[in-house]
Amino acid sequence: MWAFIHKLGSPKWFYAISARLQPWFWAAAALLLLVGSVWGLAFAPADYQQGNSFRIIYVHVPAAFLAQSIFVSMALAGLVFMVWKIKVADMAAAMMAPLGAAMTFIALFSGAVWGVPTWGTWWMWDARLTSMLILLFLYFGVIALRGAFASRDSASRAASVLAMVGVINIPIIKYSVDWWYTLHQPATFTVTSRPTMPVEMWLPLLIMVLGFYSFFIALTLMRTRSEILRRESTKRWVRDLAAEER
Amino acid sequence: MTPKRKQKLFVILGLVSLAAIAVGLTLYALRSNINLFFSPVQIAAGEAPFERQIRAGGMVKEGSVSRNRDSLDVEFTVTDYVDDLRVHYSGILPDLFREGQGVVVVGELQRDGWLRADQVLARHDENYMPPEVAQALEEAGYSPADYQAKAAEVGKRLDAQGDGASQN
Numbered sequence: 001m002w003a004f005i006h007k008l009g010s011p012k013w014f015y016a017i018s019a020r021l022q023p024w025f026w027a028a029a030a031l032l033l034l035v036g037s038v039w040g041l042a043f044a045p046a047d048y049q050q051g052n053s054f055r056i057i058y059v060h061v062p063a064a065f066l067a068q069s070i071f072v073s074m075a076l077a078g079l080v081f082m083v084w085k086i087k088v089a090d091m092a093a094a095m096m097a098p099l100g101a102a103m104t105f106i107a108l109f110s111g112a113v114w115g116v117p118t119w120g121t122w123w124m125w126d127a128r129l130t131s132m133l134i135l136l137f138l139y140f141g142v143i144a145l146r147g148a149f150a151s152r153d154s155a156s157r158a159a160s161v162l163a164m165v166g167v168i169n170i171p172i173i174k175y176s177v178d179w180w181y182t183l184h185q186p187a188t189f190t191v192t193s194r195p196t197m198p199v200e201m202w203l204p205l206l207i208m209v210l211g212f213y214s215f216f217i218a219l220t221l222m223r224t225r226s227e228i229l230r231r232e233s234t235k236r237w238v239r240d241l242a243a244e245e246r
Numbered sequence: 001m002t003p004k005r006k007q008k009l010f011v012i013l014g015l016v017s018l019a020a021i022a023v024g025l026t027l028y029a030l031r032s033n034i035n036l037f038f039s040p041v042q043i044a045a046g047e048a049p050f051e052r053q054i055r056a057g058g059m060v061k062e063g064s065v066s067r068n069r070d071s072l073d074v075e076f077t078v079t080d081y082v083d084d085l086r087v088h089y090s091g092i093l094p095d096l097f098r099e100g101q102g103v104v105v106v107g108e109l110q111r112d113g114w115l116r117a118d119q120v121l122a123r124h125d126e127n128y129m130p131p132e133v134a135q136a137l138e139e140a141g142y143s144p145a146d147y148q149a150k151a152a153e154v155g156k157r158l159d160a161q162g163d164g165a166s167q168n
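Chains A and B are the protein sequences, given in the same order.
First residue of the first sequence: 1, per the UniProt record's numbering; consecutive thereafter.
First residue of the second sequence: 1, per the UniProt record's numbering; consecutive thereafter.
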């Protein structure tokens with residue numbers, strides 16, 4: 001196990017291993033997203049109060065999960081990069097940030113669209129919505145910091161520190177609905193108790209969540225691979241690889 | 001782990017915990033401002049200011065909604081099952097507004113204890129249900145709004161019935 005993790009730290013090995021993993025995650029993502037969206041949008045029952053607008057949950061919840069998970073992954077990758085100086089971790093963190101920002105935006109946007117028919121407003125400065133908006137700005141901050149330095153090493157370190165400190169926002173987002181009075185309702189999915197909705201409603205949601213995660217892993221592997229080639233383009237093994245392709 | 005890496009790890013963990021403590025204390029100090037609304041019990045205790053825009057939240061009390069036939073005027077009571085707050089509103093209510101439903105009302109608290117609302121927002125809970133299950137609950141003598149408190153109990157009963165809506 002440790003040997004495998006050490007190998008992943010080497011760009012060359014990461015490049016080789018990810019080549020084998022990547023198609024599986026793409027296939028899983030395509031299959032799960034197709035099944036989940038058709039099931040969720042067409043076949044799952046409508047809600048007794050909200051009717052069909054309830055179906056926004058099948059995009060909103062997976063996007064919100066991913067927005068938070070990507071930030072945590074980015075912070076962990078930043079920690080690995082800062083402490084163990086593993087460059088692949090930094091490359092992966094750099095590649096995750098735009099997807100995380102996109103997911104946060106999707107969660108906020110789908111929430112606003114959902115809020116109009118159900119709550120009667122598209123935005124309210126409650127703790128959940130505001131902390132999610134802060135997450136979006138943290139993503140923008142991480143992306144901007146990477147572009148703001150002349151030297152890549154200082155840029156990586158600054159972005160890693162911001163990601164690690166910014167991770168404090170994640171428990172605030174998660175528990176905001178329990179700590180304060182908010183317009184947003186408490187969590188639909190929790191680890192400790194079964195969902196309080198019937199199986200034909202939450203199973204497609206679970207499939208969508210897994211599909212979003214597979215998509216995130218597949219896309220991160222793909223983008224990290226091209227980033228490895230870009231950053232290591234002067235290395236011997238990359239040149240050999242390019243010569244082989246020709 | 002080399003001593004240098006260990007030191008770096010501790011520096012980072014220390015930095016993050018200090019930042020977490022700072023944020024935690026700030027949020028704790030601001031806790032009453034972060035709450036989106038006043039609960040009727042807080043308003044009864046005199047925590048909310050008069051004649052300034054505030055938000056109040058709770059459940060619409062069963063049987064308390066009275067509409068004016070000729071206008072959009074509506075009166076209802078918001079309750080947290082401890083204290084009540086009478087609300088007067090004139091305008092279009094959100095689709096989810098009904099008795100037993102959570103609401104947030106934005107408006108000014110009057111000196112004689114009622115609230116003149118400019119906006120009414122509906123809250124909903126995390127218990128989504130197909131219409132058939134809601135109907136089954138109602139026939140069994142439960143209001144879907146009570147579902148939250150009775151979720152476990154009702155779920156067990158539906159499981160026992162082997163209903164199509166059983167959750168496991």
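The set of hints was computed from the structure by calculation and includes no laboratory data.
One or more hints might be untrue.
[To be verified] In silico PhoX-like cross-links for lysine-lysine, where the CA-CA straight-line distance does not exceed 25 Å:
| no. | chain 1 | residue 1 | chain 2 | residue 2 |
| --- | --- | --- | --- | --- |
| 1 | B | 8 | A | 85 |
| 2 | B | 61 | A | 7 |
| 3 | A | 87 | B | 4 |
| 4 | A | 85 | B | 4 |
| 5 | A | 7 | A | 174 |
[Stated by the list, open to error] Covered stretches of chain A, as calculated for chain B (at least 3 residues, CB under 8 Å):
| no. | stretch |
| --- | --- |
| 6 | 45-51 |
| 7 | 122-129 |
| 8 | 134-144 |
| 9 | 221-235 |
C-beta: ideal position from N, C-alpha, C; glycine also.
Item to complete: Could you work out which earlier hints the structure fails to respect and list their numbers in ascending sequence?
Response: Violated: hints 2, 5, 8 and 9.
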